[in-house]
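> Go by the hints and put chains L, B, U, P and R onto chain W.
There are 6 protein chains.
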Amino acid sequence: MPLAPLPRILIEPLVREALLEDLGRAGDLTTDAIVPQDLTTKTVMAARQEGVVAGLDLAALAFSLIDPAIRFRAVVEDGAAVKPGASVAIVEGPARGILTAERVALNFVSRMSGVASATAKLAAAVKHTKARIVCTRKTTPLLRAIEKHAVRAGGGSNHRFGLDDAVLVKDNHVAVAGSAAEAIRRARAYVGHLVKIEVEVESLVQLEEALRLGVDAVLLDNMSLEDLKRSVGMIDGRAISEASGRVTPETVGAIAETGVDLISVGWLTHSAPILDIGLDAA
Amino acid sequence: MPLAPLPRILIEPLVREALLEDLGRAGDLTTDAIVPQDLTTKTVMAARQEGVVAGLDLAALAFSLIDPAIRFRAVVEDGAAVKPGASVAIVEGPARGILTAERVALNFVSRMSGVASATAKLAAAVKHTKARIVCTRKTTPLLRAIEKHAVRAGGGSNHRFGLDDAVLVKDNHVAVAGSAAEAIRRARAYVGHLVKIEVEVESLVQLEEALRLGVDAVLLDNMSLEDLKRSVGMIDGRAISEASGRVTPETVGAIAETGVDLISVGWLTHSAPILDIGLDAA
Amino acid sequence: MPLAPLPRILIEPLVREALLEDLGRAGDLTTDAIVPQDLTTKTVMAARQEGVVAGLDLAALAFSLIDPAIRFRAVVEDGAAVKPGASVAIVEGPARGILTAERVALNFVSRMSGVASATAKLAAAVKHTKARIVCTRKTTPLLRAIEKHAVRAGGGSNHRFGLDDAVLVKDNHVAVAGSAAEAIRRARAYVGHLVKIEVEVESLVQLEEALRLGVDAVLLDNMSLEDLKRSVGMIDGRAISEASGRVTPETVGAIAETGVDLISVGWLTHSAPILDIGLDAA
Amino acid sequence: MPLAPLPRILIEPLVREALLEDLGRAGDLTTDAIVPQDLTTKTVMAARQEGVVAGLDLAALAFSLIDPAIRFRAVVEDGAAVKPGASVAIVEGPARGILTAERVALNFVSRMSGVASATAKLAAAVKHTKARIVCTRKTTPLLRAIEKHAVRAGGGSNHRFGLDDAVLVKDNHVAVAGSAAEAIRRARAYVGHLVKIEVEVESLVQLEEALRLGVDAVLLDNMSLEDLKRSVGMIDGRAISEASGRVTPETVGAIAETGVDLISVGWLTHSAPILDIGLDAA
Amino acid sequence: MPLAPLPRILIEPLVREALLEDLGRAGDLTTDAIVPQDLTTKTVMAARQEGVVAGLDLAALAFSLIDPAIRFRAVVEDGAAVKPGASVAIVEGPARGILTAERVALNFVSRMSGVASATAKLAAAVKHTKARIVCTRKTTPLLRAIEKHAVRAGGGSNHRFGLDDAVLVKDNHVAVAGSAAEAIRRARAYVGHLVKIEVEVESLVQLEEALRLGVDAVLLDNMSLEDLKRSVGMIDGRAISEASGRVTPETVGAIAETGVDLISVGWLTHSAPILDIGLDAA
Amino acid sequence: MPLAPLPRILIEPLVREALLEDLGRAGDLTTDAIVPQDLTTKTVMAARQEGVVAGLDLAALAFSLIDPAIRFRAVVEDGAAVKPGASVAIVEGPARGILTAERVALNFVSRMSGVASATAKLAAAVKHTKARIVCTRKTTPLLRAIEKHAVRAGGGSNHRFGLDDAVLVKDNHVAVAGSAAEAIRRARAYVGHLVKIEVEVESLVQLEEALRLGVDAVLLDNMSLEDLKRSVGMIDGRAISEASGRVTPETVGAIAETGVDLISVGWLTHSAPILDIGLDAA
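Residue numbers (this note's numbering), protein chains in the order written: chain W, 564 to 845; chain L, 564 to 845; chain B, 564 to 845; chain U, 564 to 845; chain P, 564 to 845; chain R, 564 to 845.
Check before you lean on any hint, since a few could be wrong.
It does not matter which identical chain is used: a pair holds within one copy or between any two.
[Stated by the list, open to error] Calculated cross-link-like contacts (lysine-lysine; reagent style DSS-like; alpha-carbon spacing at most 30 Å):
#1 733 <-> 646
#2 733 <-> 605
#3 684 <-> 792
Please keep in mind that the hints were generated in silico from the structure rather than gathered at the bench. Predicted, not measured: the structure shown is a model, and the values here were computed from it.
For reference, chain W alone in the conformation it holds in the complex (with noise of 0.2 Å):
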């Protein structure tokens, strides 16, 4: 099934109150100032880097919750890879209205594009192998949703949305607990029962005790190559591999060839750089 979009219940509360903040309480002034209300315009939303595109329908939003009379034509779709150059969205109507969007939209959609892309060249870099990218709770406060959409349309998954849809026993909670057996199971007393169970271990002990208890998934942070492999060995299948730490595009291939299911990286949401995308007049 291909990405679904976001309902635009869940965007549009995020694209009126970006509206809002850059209009402040005057509006856009250098537009109201300049450009007749009847004078319209053609323009073209496209990508100046190699890239892959996300968040087409929050600048969409943008675009329309300014003018409704305002035409914006996707040219491809959420995940799309592009070249730069390549057209994005053809954006037509009130040029007034244009103009005072254009920050809006671009703002929501390069950031976006920034995450997909990314995503997209650690996807490319462990293709050979059956790892997935996955994201973390390391996101952008109050866009965690949209930035959760842009890591599926660059080809990655998501791991937890928050705090509430699955649980993540960390070092902290063993500490408190203390044994990972005691913190699995308060965890699995506690909670219902489609709510998974992932354990961070740090070590092959660690592991061994993690999965005679049966949990759904562990997180095996930082370890050596070497480990993670003996890890995935350990495991067999019996619960989610999730390697994390010390990502980066030159060794996200390696660890993907030890075998893990997955590798998180916070680095995608909390530090990858805009998408350059910019509007030209058509």
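Only chains L, B, U, P and R this time, still in chain W's reference frame:
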């Protein structure tokens, strides 16, 4: 005057929304299942990289909104330069609340510190000149106020906060008006007496026209160092000069040496990586 | 671990909105007209029926949002079984505020206690088995988080909190996909590694197909006790088994004795009557 | 005049919030994974029990907020009595949107229809008298406006909407004021000319006092049938008479026959079970 | 009973929104730049005109929302008559916060005091009669609750708070219904027992019809003094009488002397000038 | 360029909130009871006084948010001068919606037209000079953006929109800093390059100091005509000159003739009476 803190009334809605985004409908399942309600702990928020810190008020608020019994004591202030390993704050109190709020607190502070650190690096590179580093409207949607604060924490200065607090006449506006002169005339007739007018120019001919019209500032876009130098000479104090385009840590020094007043850099807010900051047991 | 309280940040918006709904534009006319501002009083919140209490934090918040000088001291905790006449909390302070907030506080606590009490009744009826009582998504609009909390307070467990935290393949989805196998295949390919997949089956043939595909849980909808028993045998620990349909206090014991893991009951949240709780002069 | 629909501006925030509650951060995972975006379908919303329907506008809005391409055609209007199996609406259009919005739409309509049906049952039992069934402020938090609408749809009438649209002097207020007379005097001096004053009385002596003072309505709380009859005689049209306390479908007829104007029933909104309504393929 | 303060839960959203409106995205640039963070000051809020004060709670809240360290001590209460120069409150604490919140605090208190003062002037002019001054629904959008409070502070009384708390049959409604009788009949059949019904009449003939129907109040619109007097005689205590239209400080006394119960004045809330109140160094 | 309309995204929240304020929990009881749902009508919004119209977009939105079937056709544009009796808009469609939204629509348009008319009167009185009339921050809480728009509609110009879009150094700031020079130095060091700096001066000595420092504008507060004239001479084009204090329709002409650039008047937004505008059957 040292950097004023952002008023709580401005940042509380952001922190509240970010916490709700992470808590979802059911809260922190892992912590609720494993950590006893009466356990207290003491942790240290520490930098793992060299950089400049910003956003401590937002981190403090994240903890106190989850549990007012958590004490957050900042060790440094926004704008402080830190070395790897340096403590930035002590966080003490109920363990549950600290674990639950940790990620949101770190997401704010690491992102804002990333912006401050990137700004500080460029600011350092132009310290021998009178040039100041300024940000743009290419900010993260919904986070403009705090990203602009982070730029100030890093020693930079702020450009427009939105479309309504200054006029910036760009090439599109000039095209619509027929000439820069006409665009400026319209702007001046339209806006209040406390609104400044800046015009983007791409050539010395355009610059001459703008200066003749008496604008407050000129944006010298994508000019060669040669042309920047010539522009500064032509301007001769009659307007504020701002250089933009292709600014990198390597090029910024030379750009500043042309004598421009400001160098604007979208990268600070749209693509600066985070500063790695973590929370450790004290 | 005992039931964790809902974070204040999650429940405060509900209580605030409920108070505003009751205060309207002019506040409590009767009390403002009749009760002197400096009068204080002491009242007892007491159960008038046997049942299980839930929602005390929301009641406490209702009083303190109206007047922070009101002291609310819970006598029991959420999840406590109470007899008719039992005190559940002492509420003391300004009489005006207590009278103004009373109805909203009671509306929350009596409704949530109703859900908890209904759950507790069913839970007691299956105590001799390993089955757990779970709720559904048939909750009161806007109150899902607190109703799910009330189910936990009553000794039950929670099913999905929404459409986004687990996959539940129903007959419609199977029909669209052409077969359960294809539906499950699509779901598995689409969602992240921490999302569980449950499938609704209506016959033993469908169950066999689902088990072959390796799902996390099966929803045995409206099956006879005979078929439930056979299903449990077929499943043999390979998936979590959930029975649903026509569950009443009378039938639930026999259903549990078939060996299913879970029995889901929409009635808990869509039709349980309140537990009668009142506020009396102390 | 037939029952007026609730203005969309009043109900849209509720429906929007309920949808967001169900969609969470990631939307309908199951449907997005399995159902193609261009598939359309036709379904029938049908009653599975006998009762009275209410809340169709909210159901319609739930579908259209998820996808404006969904066509919702009500077969009956709010207030219609239906038999098991009766269609209440045809819902047609994109299958994804219909599946995603289904539960929220049904949660609203089944709950409101439950309130309407319970009201209708009591209203039928008093049809041979002049008494009207009225609801109270014991409503579901945040849903008061729509529950009061459902009461009207069921043939009942509405008591106060909140603390600010009428004065209701209860025993507590009388105790504070020293006497009913003083309480009423204070209320009359305090409120505007369009605010009615009702007083709760528990004995014929209190009733006499209230009538002497000339109130708009008297609440006869928990009186015997005998006393109710006597009260009605004493009142003799000088005030509206309202009976409350221990009202059940079995007792309501006899209460009505005492001649009271109104019988108020908290149960309608705090404990009425839903009316079972489902969505089936057409 | 003295005027009850508006509940904080009702006014806080207004004050918060007003502060955000003034702070914009960057806060109080002037004060942040010039005033040291640790400077404290003591100021006096003082009337510069004779009038009646209202809105002190909103002023207090404005200061405390900006900085909880600011102490606001009211010298008088809402409803107090003040002479030019009279102190109404002492405001002490951090100078920055006081300067930042000053304008919003004064905007609330001077506007509400303006309404209260205008009301008090008219109330004084009718003191020798039984007539009361009442406001209308011609209030400032979003400020109705606080303007109605200000009217009460000035010694006036409140008309409807909105379209939902009383019926007011106007000429349009009568025209649609065909006659006042039919309009009143419909209204009585439609609304709950605690909703009063008032009818606007423009002639003695219409008045007679309304009285025959037994309404709660009649609005005598734009009648001559002669007709008002005759109306009062005809009504003879069977309904509340309200005069409206062309009320000025000069005419109000004569209108009151006709014996009407109420005189409603839209001008109080739509056109009363502010009472000049300022903040001075103590 | 003619006055640009305020973006719908800015005004919709205000209109929506104002409608909810008037509808309360139960909507327009009178209209729902009396007016059939399918009745349509045609009405004219007309001025009853001479003045300048503003706020038509808000009126239009009020009607369309209540019922999108209502057609609102503006006869004039914001800023148009009208005579008593002049039509400003035709409002046609469902009678219920028109009656329900009428008061909110009129409350917006009459208030904004009041501000515009007051501005226009002063603007006319200074037409023979170069002076412009400007408003202040003494606006109605929550309505600043639309009141500033109304000032522009009346031919005035806008001062600061808030504390964050310009620096205005007042006497308090000077006192804290020790001197105007120090205050200005701090401001200049603190704010961005697009923020203008204005300084309030109360004497010619202070003016001289401010001019020496090179500020963008000077606020000449409460000066005599003599001193204003001298100030203008001293300034000699080096800064914008703004006069304030004791401005009335009678004095404004003479103030303007002193040669000042701007005359600021708080009265426009804090005390201008409404322009009487009504809705009549067409």
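> All the hints need checking, so say for each whether the structure fits it.
Taking the hints in turn, this is what the structure says about them:
no.	hint	verdict
1	733 <-> 646	between (41 Å within a copy, 27 Å between copies)
2	733 <-> 605	between (53 Å within a copy, 17 Å between copies)
3	684 <-> 792	within (23 Å within a copy, 40 Å between copies)
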